[in-house]
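Undergrad: Residue-level listing of the chains:
Number of protein chains: 2
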Amino acid sequence: MATKNGDLVSFRPDIKVLDATLRDGGLVNNFQFSDDFVRALYQANILAGVDYMEFGYKADRDIFNESDFGKWKFCKDEDIRKITQGIDTDMKIAVMADVGRTNFRRDILPKEESPIDMIRVATYINSIPAAIEMIEDAKRKGYETTVNIMAVSKVNLDELKDGLRHLAASSVDVIYLVDSFGVFYPEQIVRLSDMYLEVAAAFNKQIGIHAHNNQQLAFANTIQALTIGVSYLDATVNGMGRGAGNCYLENLLGFLRNPKYRLTPIMKFVQDYMLKLKQDGLIWGPDIPYLLTGILNTHPSSAIKFLKDGRTDYTAFEQELLDNAL
Amino acid sequence: MATKNGDLVSFRPDIKVLDATLRDGGLVNNFQFSDDFVRALYQANILAGVDYMEFGYKADRDIFNESDFGKWKFCKDEDIRKITQGIDTDMKIAVMADVGRTNFRRDILPKEESPIDMIRVATYINSIPAAIEMIEDAKRKGYETTVNIMAVSKVNLDELKDGLRHLAASSVDVIYLVDSFGVFYPEQIVRLSDMYLEVAAAFNKQIGIHAHNNQQLAFANTIQALTIGVSYLDATVNGMGRGAGNCYLENLLGFLRNPKYRLTPIMKFVQDYMLKLKQDGLIWGPDIPYLLTGILNTHPSSAIKFLKDGRTDYTAFEQELLDNAL
Numbered sequence: 004m005a006t007k008n009g010d011l012v013s014f015r016p017d018i019k020v021l022d023a024t025l026r027d028g029g030l031v032n033n034f035q036f037s038d039d040f041v042r043a044l045y046q047a048n049i050l051a052g053v054d055y056m057e058f059g060y061k062a063d064r065d066i067f068n069e070s071d072f073g074k075w076k077f078c079k080d081e082d083i084r085k086i087t088q089g090i091d092t093d094m095k096i097a098v099m100a101d102v103g104r105t106n107f108r109r110d111i112l113p114k115e116e117s118p119i120d121m122i123r124v125a126t127y128i129n130s131i132p133a134a135i136e137m138i139e140d141a142k143r144k145g146y147e148t149t150v151n152i153m154a155v156s157k158v159n160l161d162e163l164k165d166g167l168r169h170l171a172a173s174s175v176d177v178i179y180l181v182d183s184f185g186v187f188y189p190e191q192i193v194r195l196s197d198m199y200l201e202v203a204a205a206f207n208k209q210i211g212i213h214a215h216n217n218q219q220l221a222f223a224n225t226i227q228a229l230t231i232g233v234s235y236l237d238a239t240v241n242g243m244g245r246g247a248g249n250c251y252l253e254n255l256l257g258f259l260r261n262p263k264y265r266l267t268p269i270m271k272f273v274q275d276y277m278l279k280l281k282q283d284g285l286i287w288g289p290d291i292p293y294l295l296t297g298i299l300n301t302h303p304s305s306a307i308k309f310l311k312d313g314r315t316d317y318t319a320f321e322q323e324l325l326d327n328a329l
Numbered sequence: 004m005a006t007k008n009g010d011l012v013s014f015r016p017d018i019k020v021l022d023a024t025l026r027d028g029g030l031v032n033n034f035q036f037s038d039d040f041v042r043a044l045y046q047a048n049i050l051a052g053v054d055y056m057e058f059g060y061k062a063d064r065d066i067f068n069e070s071d072f073g074k075w076k077f078c079k080d081e082d083i084r085k086i087t088q089g090i091d092t093d094m095k096i097a098v099m100a101d102v103g104r105t106n107f108r109r110d111i112l113p114k115e116e117s118p119i120d121m122i123r124v125a126t127y128i129n130s131i132p133a134a135i136e137m138i139e140d141a142k143r144k145g146y147e148t149t150v151n152i153m154a155v156s157k158v159n160l161d162e163l164k165d166g167l168r169h170l171a172a173s174s175v176d177v178i179y180l181v182d183s184f185g186v187f188y189p190e191q192i193v194r195l196s197d198m199y200l201e202v203a204a205a206f207n208k209q210i211g212i213h214a215h216n217n218q219q220l221a222f223a224n225t226i227q228a229l230t231i232g233v234s235y236l237d238a239t240v241n242g243m244g245r246g247a248g249n250c251y252l253e254n255l256l257g258f259l260r261n262p263k264y265r266l267t268p269i270m271k272f273v274q275d276y277m278l279k280l281k282q283d284g285l286i287w288g289p290d291i292p293y294l295l296t297g298i299l300n301t302h303p304s305s306a307i308k309f310l311k312d313g314r315t316d317y318t319a320f321e322q323e324l325l326d327n328a329l
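The listed protein sequences correspond, in order, to chains A and B.
Take 4 as the starting number for the first sequence in the working numbering and just add one per residue.
Take 4 as the starting number for the second sequence in the working numbering and just add one per residue.
Hints were generated in silico from the structure; no laboratory data involved.
It is possible that some hints are incorrect.
As the list makes no split between identical chains, a pair holds if one copy fits it or if it spans any two.
[Claimed, not checked] Here are the computed lysine to aspartate or glutamate pairs in the EDC-like style, where the Cα-Cα straight-line distance is at most 16 angstroms: (1) Lys95 x Glu162; (2) Lys271 x Asp316; (3) Lys271 x Glu323; (4) Lys279 x Asp316; (5) Lys271 x Glu321; (6) Lys7 x Glu190; (7) Lys142 x Asp316; (8) Lys281 x Glu201; (9) Lys157 x Asp316; (10) Lys308 x Asp38.
Keep in mind it's a predicted model, so treat the numbers as computed, not measured.
Please put together the full structure from these sequences, using the hints given.
TA: Set out below in structure tokens:
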């Protein structure tokens with residue numbers, strides 16, 4: 004049963020904040036961030052007390068053409084070093100490695116040869132054995148590891164429990180509750196967090212949360228989860244992320260009570276760098292089409308296309324979703 | 004103690020939805036809605052199963068100059084009739100009456116002579132006796148009545164409890180928990196709702212919630228409150244309302260399970276009428292300046308001015324707030 008962990012005045016030292024702006028935001032602009040942007044974000048995150056900054060994906064260059072994407076789709080170690088060189092910090096660097104889309108044996112070097120600290124493995128429920136193979140590889144190489152089970156809103160609970168137990172028995176450090184489609188309400192997040200935390204307690208693992216903002220619940224769900232013991236919290240600056248986007252890092256930093264966390268550097272980064280992205284025409288954030296895909300528990304791709312096409316006929320889109328997308 | 008009332012599959016017949024678009028949204032455009040807009044909203048709300056539509060304020064024309072505002076600042080009975088005539092419905096009509104700004108003896112007619120069904124009295128904690136005078140007047144005249152205690156985030160809890168007891172002992176039907184400054188987190192809303200519900204239970208009253216979206220929590224706070232028994236739910240189309248705006252009616256209708264509620268007519272109203280308001284330059288909705296006034300528990304007026312002035316220097320604004328506005 005959900006029990007409260009901490010209150011609104013004190014702070015929990017086990018909380019870790021991960022900035023996923025480049026990774027989830029990279030899905031908005033095809034990872035086309037300038038080095039200036041990335042370096043400024045890196046410095047802002049350090050000043051804000053962020054614990055981990057996710058730079059992007061470790062995607063396989065045999066599957067994805069390098070010229071089709073910005074460099075943060077691939078997160079080469081030398082590209083990361085170009086950003087971080089000369090900056091002294093204990094903020095850690097994470098990258099995401101998708102099951103089936105990462106040549107992890109080749110592209111993930113031993114930790115002591117790499118600027119990366121944490122490998123975040125993203126998997127669907129049916130590829131958990133492949134995820135565990137990647138986790139164990141990363142662990143052997145010396146990395147912290149997390150695993151994101153995606154699209155759990157479409158997974159039956161018994162299967163999810165089995166998956167959680169298998170992952171918890173692996174070497175992974177943190178298991179993430181991911182609301183890929185932005186479908187969950189806070190009371191469901193509390194119930195799911197409870198389930199994840201129960202498995203985690205038995206295996207001495209941590210639980211994280213990665214929320215999407217289809218129903219304007221990403222921040223609410225994140226703080227509801229942390230209130231009962233979830234400790235790794237994903238957010239992005241200005242909520243930048245695919246479709247409806249993510250939990251706003253600004254809101255999260257405004258909520259957290261640990262004095263190491265500071266909102267001001269992130270606001271400064273927004274005024275200096277993020278506003279321009281929106282002016283330049285990038286689109287993300289809550290909107291009716293994403294509300295619909297959230298309510299209907301489906302992938303946001305159709306809503307992204309709807310908005311890219313400049314459409315506003317929501318009622319026709321609703322019928323298309325009911326006819327085709329479910 | 005908070006106990007769950009209802010689940011995510013069934014529905015609670017005691018739930019009532021109130022659309023406050025014209026009233027709270029009127030604070031964005033000075034109540035300058037066209038009759039065409041208001042009539043279309045009225046019809047959309049009927050189709051959507053909304054229980055009450057708030058048309059605006061019953062402001063005193065001796066205090067406010069009629070030529071300075073659109074007509075929904077005053078909600079004359081004949082202006083309401085012009086909208087509703089020829090439309091047969093059991094959706095009820097509400098207006099808001101501010102303590103000290105309403106000539107209620109003159110302007111609120113006996114119910115049988117008026118198209119209005121509900122008088123919503125808005126008060127601060129220090130004018131509760133004056134609010135009760137208005138409530139009893141409206142009740143004698145035959146109206147349903149609600150009372151909004153505003154700015155409770157700045158009221159000490161003992162005083163609030165006293166205020167609640169006095170209001171509960173009056174003839175009022177519904178007492179609203181109002182998060183005027185968008186400062187409360189869901190766990191605080193649950194605690195406050197508990198307090199309001201306890202008083203309500205003793206006096207056989209209902210509790211309502213009116214949330215603001217400074218921290219992107221208006222919808223989350225509304226459904227958290229309803230989950231433990233709050234039954235009157237305020238929302239506005241597209242969250243239109245002063246500053247950060249309100250709980251989105253779209254999100255709320257997507258959540259509620261009573262088959263009488265329908266999201267589609269509201270989406271159609273958005274595509275046909277609301278999008279134009281934003282294109283025409285009206286500004287509302289969550290943004291960093293409102294996040295700051297929310298976190299700092301202060302009135303959004305300075306943030307509204309900041310955005311109207313086209314400023315984006317959030318970090319300077321934060322310092323101004325810390326220096327002056329608290």
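Undergrad: Go through the numbered hints given earlier and state which of them the structure violates, listing their numbers in rising order.
TA: 1, 7, 8, 9, 10
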